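*Asks:* If you read the sequences in order, they're chains A and B.
Under the working numbering, think of the first position of the first sequence as 51, with each following residue one higher.
Under the working numbering, think of the first position of the second sequence as 538, with each following residue one higher.
Keep in mind that the hints were calculated from the coordinates and are not lab data.
Among the hints, a few may not be true.
Straight-line C-alpha distance at most 30 Å; calculated DSSO-like pairs for lysine-lysine [what the hints assert, rightly or not]: (1) A/Lys160 to B/Lys546; (2) A/Lys55 to A/Lys65; (3) A/Lys160 to B/Lys594; (4) A/Lys55 to B/Lys638; (5) B/Lys638 to A/Lys121; (6) B/Lys546 to A/Lys118; (7) B/Lys546 to A/Lys65; (8) A/Lys121 to A/Lys108; (9) A/Lys107 to B/Lys546; (10) B/Lys594 to B/Lys638; (11) A/Lys118 to A/Lys107; (12) A/Lys121 to B/Lys546; (13) B/Lys594 to A/Lys92; (14) B/Lys638 to A/Lys107; (15) A/Lys92 to B/Lys638; (16) B/Lys546 to A/Lys108; (17) B/Lys638 to A/Lys160; (18) A/Lys92 to B/Lys546; (19) B/Lys594 to A/Lys65.
Model, not experiment: these values are computed from the prediction.
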Amino acid sequence: QQQVKQSPQSLIVQKGGISIINCAYENTAFDYFPWYQQFPGKGPALLIAIRPDVSEKKEGRFTISFNKSAKQFSLHIMDSQPGDSATYFCAASKNSGTYKYIFGTGTRLKVLA
Amino acid sequence: DSGVTQTPKHLITATGQRVTLRCSPRSGDLSVYWYQQSLDQGLQFLIQYYNGEERAKGNILERFSAQQFPDLHSELNLSSLELGDSALYFCASSGTAGTGKIYFGEGSWLTVV
Numbered sequence: 051q052q053q054v055k056q057s058p059q060s061l062i063v064q065k066g067g068i069s070i071i072n073c074a075y076e077n078t079a080f081d082y083f084p085w086y087q088q089f090p091g092k093g094p095a096l097l098i099a100i101r102p103d104v105s106e107k108k109e110g111r112f113t114i115s116f117n118k119s120a121k122q123f124s125l126h127i128m129d130s131q132p133g134d135s136a137t138y139f140c141a142a143s144k145n146s147g148t149y150k151y152i153f154g155t156g157t158r159l160k161v162l163a
Numbered sequence: 538d539s540g541v542t543q544t545p546k547h548l549i550t551a552t553g554q555r556v557t558l559r560c561s562p563r564s565g566d567l568s569v570y571w572y573q574q575s576l577d578q579g580l581q582f583l584i585q586y587y588n589g590e591e592r593a594k595g596n597i598l599e600r601f602s603a604q605q606f607p608d609l610h611s612e613l614n615l616s617s618l619e620l621g622d623s624a625l626y627f628c629a630s631s632g633t634a635g636t637g638k639i640y641f642g643e644g645s646w647l648t649v650v
């Protein structure tokens, strides 16, 4: 019940295309869902996050769509650029005063120029 | 740059040895988290400290321990090292409770030979 399942494992997109990464969770107590971007040799960096009281959040080219009833959320990267090539992790946590994230297994995105 | 500083960046040690990884959180952040990233286990939460006190525990082995000092820096001690402990160890920090945002350092890469 603590797992967060992420797909696909890897993704290749043409420049200008839309990249879509999906995550599913089981624990309905989760109430915070961030996405992290990790470049090789670097730590994960917070990209965008959502709480379950909204169905969508957009920041620039990045959008999270959240489906509470299906217990799924996804990251959409519009107008994907080669500089977006990185590994993306979804995560979930319970707001219990600690952010003990459960991370997905990661999606390696490659955007072709 | 997240503002979280980790040392050393790379470490090679032999099985059975003990190592200490050090983390300085972002200025003003009271919470420190330790995560382990390996190929087979992904990103796993190990432990969290808040203002010197242990706040949450994850999949941390008994051979591992951590502490947070009065100046808020933290150390992760790994002992009786095994080959399987080879991984990237991340420290992260967060400040104001409730934001959900945690900021990762660039990691300490541990290789056990």
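*Asks:* All hints are to be evaluated individually against the structure, with a verdict given for each.
*Replies:* Hints, verified against the model:
A threshold of 30 Å between alpha carbons decides the hint, and for A/Lys160 with B/Lys546 the separation of about 26 Å falls inside it, so the pair holds. Among the hinted pairs, A/Lys55 with A/Lys65 is consistent with the structure: their alpha-carbon atoms are about 27 Å apart, no more than 30 Å. Distance hint between A/Lys160 and B/Lys594 is unfulfilled; the C-alpha atoms sit about 35 Å from each other, more than 30 Å. Restraint check for A/Lys55 and B/Lys638: the C-alpha separation of about 21 Å stays at or below 30 Å, so the hint holds.
Under the criterion of a C-alpha separation no larger than 30 Å, the hint pairing B/Lys638 with A/Lys121 is consistent with the structure, at around 21 Å. A C-alpha spacing of about 40 Å is found between B/Lys546 and A/Lys118, which places the hinted pair above 30 Å, so the restraint is violated. Between B/Lys546 and A/Lys65 the alpha-carbon distance is near 33 Å, which puts this suggested pair outside the 30 Å criterion. Using a Cα cut-off of 30 Å, the hinted pair A/Lys121 and A/Lys108 holds, with the two alpha carbons roughly 19 Å apart.
Using a Cα cut-off of 30 Å, the hinted pair A/Lys107 and B/Lys546 is violated, with the two alpha carbons roughly 35 Å apart. Only pairs whose Cα atoms come within 30 Å are accepted, and B/Lys594 paired with B/Lys638 is accepted, the gap being roughly 18 Å. The hinted pair formed by A/Lys118 and A/Lys107 meets the criterion: a straight-line CA distance of about 14 Å does not exceed 30 Å. For the suggested pair A/Lys121 and B/Lys546, the alpha carbons sit about 37 Å apart, so the restraint of at most 30 Å is broken.
Taking the CA atoms of B/Lys594 and A/Lys92, the gap is near 24 Å; set against the 30 Å cutoff, the hint holds. With a C-alpha separation of about 16 Å, the suggested pair B/Lys638 and A/Lys107 falls inside the 30 Å cut-off, and the hint holds. With a C-alpha separation of about 17 Å, the suggested pair A/Lys92 and B/Lys638 falls inside the 30 Å cut-off, and the hint holds. Between B/Lys546 and A/Lys108 the alpha-carbon distance is near 34 Å, which puts this suggested pair outside the 30 Å criterion.
The hinted pair formed by B/Lys638 and A/Lys160 meets the criterion: a straight-line CA distance of about 26 Å does not exceed 30 Å. Note on A/Lys92 and B/Lys546: the hinted pairing holds, with a Cα-Cα distance of about 11 Å set against a maximum of 30 Å. Distance check on the hinted pair: B/Lys594 and A/Lys65 sit about 42 Å apart at the alpha-carbon level, beyond 30 Å; violated.
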